[in-house]
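Chemist: Start from the sequences, fold in the hints, and give me the full structure.
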Amino acid sequence: MTVGIVMLVHTALGRAEQVARHWSAAGCPVVIHVDKGVPRRTYDAFVNAMADRKDVSFCARYRCEWGTWGIVAASQSASELLLASYPEIKHVYLASGSCLPLRPVQELIDYLDERPNTDFIESATTADVPWTVGGLDEERFTMHFPFSWKKRRYFFDKAVAVQRSLGLKRKMPHGIVPHMGSQWWCLSRRTLSAILQDPERPTYDRFFRHVWIPDESYFQTLSRLYSEKIESRSLTLSKFDFQGKPHIFYDDHLQLLRRSDCFVARKIWPYADRLYEAFLTDVAGAMKKTEPNPGKIDRIFSKAVERRTRGRSGLYMQSRFPNEDWENGVTAAPYSMFQGFTELFENFEPWLAKATGARVHGHLFATDGVHYADGQTAINGALSQSAKLRDYNGKAFLTNLIWNTRGERQCFQFGPADNQTINWRVAKDPNAQVSVITGAWAVPLFRSNLDFAKIRTIAAQLQKVESEHMDILRSPFSKARVRIWTMAEFIEAPMEPLQGILDEIGRTKLRRLSEAPKMVDLSGFGQFLQNLKNQGMHPYLMGDFPAERGVASNQKTQRKPYLVQ
Amino acid sequence: MGVLQSYWLRVQRKRWRVRALRKRRELKRVANRTGQIRPDDLLLFCTQRNEGIRLPYFLDYYRDMGIGHFFFVDNDSTDGSLDYLADQPDVSVWSTTASYKRARFGVDWLNWLARKYAHGHWALTVDPDEFLVYPFCDTRPLRALTDWLDASSIKSFSAMLLDMYPKGRLDEQPYQPGQNPIEIATWFDSGNYTISRNHLFTNLWIQGGPRARVFFPDLPEKAPALNKVPLVKWDKRYTYVSSTHMLLPRGLNQVYDEWGGEKASGVLLHAKFIDTFGTKAAEELERSQHYAGSVEYKAYADRLKDDPQLWCKWSERYINWRQLEILGLMSKGNWA
Chain A
0 MTVGIVMLVH TALGRAEQVA RHWSAAGCPV VIHVDKGVPR RTYDAFVNAM
50 ADRKDVSFCA RYRCEWGTWG IVAASQSASE LLLASYPEIK HVYLASGSCL
100 PLRPVQELID YLDERPNTDF IESATTADVP WTVGGLDEER FTMHFPFSWK
150 KRRYFFDKAV AVQRSLGLKR KMPHGIVPHM GSQWWCLSRR TLSAILQDPE
200 RPTYDRFFRH VWIPDESYFQ TLSRLYSEKI ESRSLTLSKF DFQGKPHIFY
250 DDHLQLLRRS DCFVARKIWP YADRLYEAFL TDVAGAMKKT EPNPGKIDRI
300 FSKAVERRTR GRSGLYMQSR FPNEDWENGV TAAPYSMFQG FTELFENFEP
350 WLAKATGARV HGHLFATDGV HYADGQTAIN GALSQSAKLR DYNGKAFLTN
400 LIWNTRGERQ CFQFGPADNQ TINWRVAKDP NAQVSVITGA WAVPLFRSNL
450 DFAKIRTIAA QLQKVESEHM DILRSPFSKA RVRIWTMAEF IEAPMEPLQG
500 ILDEIGRTKL RRLSEAPKMV DLSGFGQFLQ NLKNQGMHPY LMGDFPAERG
550 VASNQKTQRK PYLVQ
Chain B
0 MGVLQSYWLR VQRKRWRVRA LRKRRELKRV ANRTGQIRPD DLLLFCTQRN
50 EGIRLPYFLD YYRDMGIGHF FFVDNDSTDG SLDYLADQPD VSVWSTTASY
100 KRARFGVDWL NWLARKYAHG HWALTVDPDE FLVYPFCDTR PLRALTDWLD
150 ASSIKSFSAM LLDMYPKGRL DEQPYQPGQN PIEIATWFDS GNYTISRNHL
200 FTNLWIQGGP RARVFFPDLP EKAPALNKVP LVKWDKRYTY VSSTHMLLPR
250 GLNQVYDEWG GEKASGVLLH AKFIDTFGTK AAEELERSQH YAGSVEYKAY
300 ADRLKDDPQL WCKWSERYIN WRQLEILGLM SKGNWA
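Each protein sequence line maps, in turn, to chains A and B.
Just so you know, the first sequence maps onto residues 0 to 564 in numbering that gives the first Met the number 0.
Just so you know, the second sequence maps onto residues 0 to 335 in numbering that gives the first Met the number 0.
Among the clues, some could well be false.
To be verified - Taking lysine to aspartate or glutamate and the EDC-like style, the derived pairs with C-alpha atoms no more than 16 Å apart in a straight line are:
| hint | chain 1 | residue 1 | chain 2 | residue 2 |
| --- | --- | --- | --- | --- |
| 1 | A | Lys353 | A | Asp390 |
| 2 | A | Lys302 | B | Glu324 |
| 3 | A | Lys266 | B | Asp149 |
| 4 | A | Lys427 | A | Asp324 |
| 5 | B | Lys221 | A | Asp390 |
Claimed, not checked - Quick list of simulated restraints, FRET-style, between CB atoms:
| hint | chain 1 | residue 1 | chain 2 | residue 2 | range |
| --- | --- | --- | --- | --- | --- |
| 6 | A | Glu323 | B | Val10 | 28 to 38 Å |
| 7 | B | Leu20 | A | Thr41 | 32 to 42 Å |
| 8 | A | Glu106 | B | Ser195 | 53 to 63 Å |
| 9 | B | Arg101 | A | Asn322 | 34 to 44 Å |
| 10 | A | Ser447 | B | Arg101 | 51 to 61 Å |
| 11 | A | Asp51 | B | Asp89 | 35 to 45 Å |
| 12 | B | Asp89 | A | Glu113 | 54 to 64 Å |
| 13 | B | Lys27 | A | Glu407 | 51 to 61 Å |
| 14 | A | Gln534 | B | Asn197 | 42 to 52 Å |
| 15 | A | Thr456 | B | Arg101 | 21 to 31 Å |
| 16 | B | Lys115 | A | Lys149 | 28 to 38 Å |
| 17 | B | Val10 | A | Asp272 | 40 to 50 Å |
| 18 | B | Leu20 | A | Glu323 | 38 to 48 Å |
| 19 | B | Ala85 | A | Asp51 | 41 to 51 Å |
If you're looking for bench data, these hints aren't it; they were derived computationally from the structure.
C-beta: ideal position from N, C-alpha, C; glycine also.
Modeler: Structure representation (structure tokens):
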């Protein structure tokens, strides 16, 4: 009892020869199908090269274009020849020229001997397979596909569209239920011969001849009719990328492949000398066995698919430049933007750094330059402090900063006097935590020594800018975590909002705030606002500060340091 | 894309092709070994002038990678590099004394050679100070990459220019022939690049790095472009438009994903900033044969007079391609 190998070959005939010899040396008869596209002379040379192996033969040749009937026809003709010439065969293993046996062939023979009537073929109904690429699943069976997908894509698509709109449908012969799965199977003689010798085979063949990608459905469907026991998995390790193309294995996958629990792997790069050397040896030369760990292989390849389809969030680079709103994350990590806090608290930045352990920058978007934390002149990634470089692409500056400092929370100050180009990007970024005390920009003006006429002009300008910014933050498109207080609201009870912000940053060293930042002296601020009003400029963003009461009277009591349980 | 725009681009492409045809007369054949080229050889195209000191390492680096045949255009060298190239068994070389600038910085010459010899081959177009790094380049030859690109029906491969520089003055460590220049210029900027999209040619325009940081902090729009598409499955209808920054037909510039995913890409390590740079810059300034009135070289000359230092505290030391991948400067895409 043994297993016979059907080998479908179209390129890298040298490697195919090596593998065929390996199979045959282990006592497995091989029937090779060579694609009709291979030139006659190359084919003849190949046949001659194999002439010394009596148990390697060649079957009739078909043209095997991807997605068409040729591959099934080739498998049929090779299997028929194999079953007819070698009556001792119990199982037939379908492999390709770029398949490589990972474990000694004897192990495969023993494994199949223990399971004489089991068919190893991945076979699932169309409704249950998620892996179809191109959107055709059930329609593979119900439509006609007269045009080549590879060469006549336009007509292929048109033909599908026309049939869809006309509602054309083909009927399944004898009510078979379409199944699909990996094209690489290992069937028992009983099942395979039943399929091949079925009196209804012409009917089925006629039907499948016009099915799209029949090599993934012909045997998968028909084996369901005859098999005693189907084990719906492939013994061939084969990984597919997001477009349904098989991943290729290289020399550097050697350790990975040794950990596979599959008998055969595909596809192997023809120049992967180390792989061929390592695996095409006899039992004596075989490497020491390692514990199978197929999960590791899965992870590597599913990560590759993930990288190609979703990419790394917040990364903008030469081969990943997502359209707006398609970024899968505008920035790489959560960060916090504070507006009006440094104006209101004297020591806000050191206090925040101490309370959270985050890196707290000053006004990163200040017009006179980038104010990095600790007065640095540059930061991770050699991001410069030049305002011109930053403003050349403000959004990229922000995304670069967050990308470069992955793993460390970034906080920065912002204000209406800063460059405003990033406002939309921040507002639409779910990673952004934005906290604003509106109108706090008036405090430095209030404490400044400028001419009042000048103050009035600046205040009007800042109020306009901040008001527009607040409209953006409050827009329905905003995805950031936004908190906005008027200044009057905030100074009423500053501890609660501060605690809330710290909790959300989540890395507070202290469970409860024991030390509050020191608020600036606001006595006379109400009068200052009133003076602005008297000059015809209406400061509304800071909320309600009655001029006569002022905040002076409250302020006396508030200036004591806070101690909160 | 509108019909008019598409037509206009077609006219552009034809124009560059005709120009390449015209400029071929400026090339004088010195050594033509193109008869040795096998159908699946990987080809390399390069223009050079007085880079003799760099050539031995350059050739070895790319031979090891699996380049089958080198094409050089020698632009009036005086350092004997032309003879050196003509003696190499796998190099075909042409020489010219015509203007580099008027051949659009050598693009016309290389377009012509590629059109004549590269049809159906993978062609890598680089300068003598550019060293390609691609995913798995330490374990897989370049052919593994091109085979994979072929299997994935990808025709062009992006590799951004990454400016490398030494720590300390540029002229501190003299470069020796045959030496790996990256041993001297080991440092780079990892995260200060800005990108914008060119909607007509659909390529990305990347700027930044040490040159923007040190030479152009006040004129960022003048900072040199770093986006490159050096590796292309060549077809005789293709043309490079501006250096290797962009190509026509413009579909070849679509080397990036727009829906959040990452395509595979590499990096060209740019070992320009070593001790030879000073003399080179002075010479090039005099010849005025470089892009935009050699504005780049002027800026360098000004800056390097007082403080020839590109290194800063946040510079990153080069280790290998995996490091560049992690930093997000290149990507494995779905190649695993």
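Chemist: Confirm or reject each hint.
Modeler: Hint-by-hint comparison with the structure:
Restraint check for lysine 353 of chain A and aspartate 390 of chain A: not satisfied, since their Cα atoms lie roughly 30 Å apart, outside the 16 Å limit. For a cut-off of 16 Å, the pair hint linking lysine 302 of chain A to glutamate 324 of chain B stands: about 14 Å separates their Cα positions. About 15 Å separates the Cα atoms of lysine 266 of chain A and aspartate 149 of chain B, which keeps this hinted pair within 16 Å; it holds. With a C-alpha separation of about 8 Å, the suggested pairing of lysine 427 of chain A with aspartate 324 of chain A holds against the 16 Å cut-off.
A threshold of 16 Å between alpha carbons decides the hint, and for lysine 221 of chain B with aspartate 390 of chain A the separation of about 14 Å falls inside it, so the pair holds. Checked against the hint of 28 to 38 Å, the C-beta distance between glutamate 323 of chain A and valine 10 of chain B comes to roughly 32 Å, which is consistent with it. In this structure the supplied range 32 to 42 Å holds for leucine 20 of chain B paired with threonine 41 of chain A, their Cβ-Cβ distance being about 37 Å. Restraint check, glutamate 106 of chain A to serine 195 of chain B: a C-beta distance of roughly 57 Å satisfies the suggested window 53 to 63 Å.
Range check, arginine 101 of chain B to asparagine 322 of chain A: about 39 Å between beta-carbon atoms, so the 34 to 44 Å window is met. At about 59 Å, the CB distance of serine 447 of chain A to arginine 101 of chain B agrees with the hint of 51 to 61 Å. For aspartate 51 of chain A and aspartate 89 of chain B, the Cβ-Cβ distance of about 37 Å falls inside the hinted range of 35 to 45 Å, so the restraint holds. With their beta carbons about 56 Å apart, aspartate 89 of chain B and glutamate 113 of chain A fall inside the hinted range of 54 to 64 Å.
One distance hint, 51 to 61 Å for the beta-carbon pair lysine 27 of chain B and glutamate 407 of chain A, holds here, with the actual separation near 58 Å. Take glutamine 534 of chain A and asparagine 197 of chain B: their Cβ atoms lie about 49 Å apart, and the range 42 to 52 Å holds. Checking the proposed 21 to 31 Å range against threonine 456 of chain A and arginine 101 of chain B shows it is violated: the Cβ atoms sit about 55 Å from each other. Remark: the range hint 28 to 38 Å for lysine 115 of chain B to lysine 149 of chain A is upheld by a beta-carbon distance near 29 Å.
Hint check: valine 10 of chain B to aspartate 272 of chain A, Cβ distance near 49 Å, so the stated range 40 to 50 Å holds. For the hinted restraint 38 to 48 Å between leucine 20 of chain B and glutamate 323 of chain A, the CB-CB distance of approximately 42 Å keeps it satisfied. As the Cβ distance of alanine 85 of chain B to aspartate 51 of chain A is approximately 48 Å, the hint placing it in 41 to 51 Å holds.
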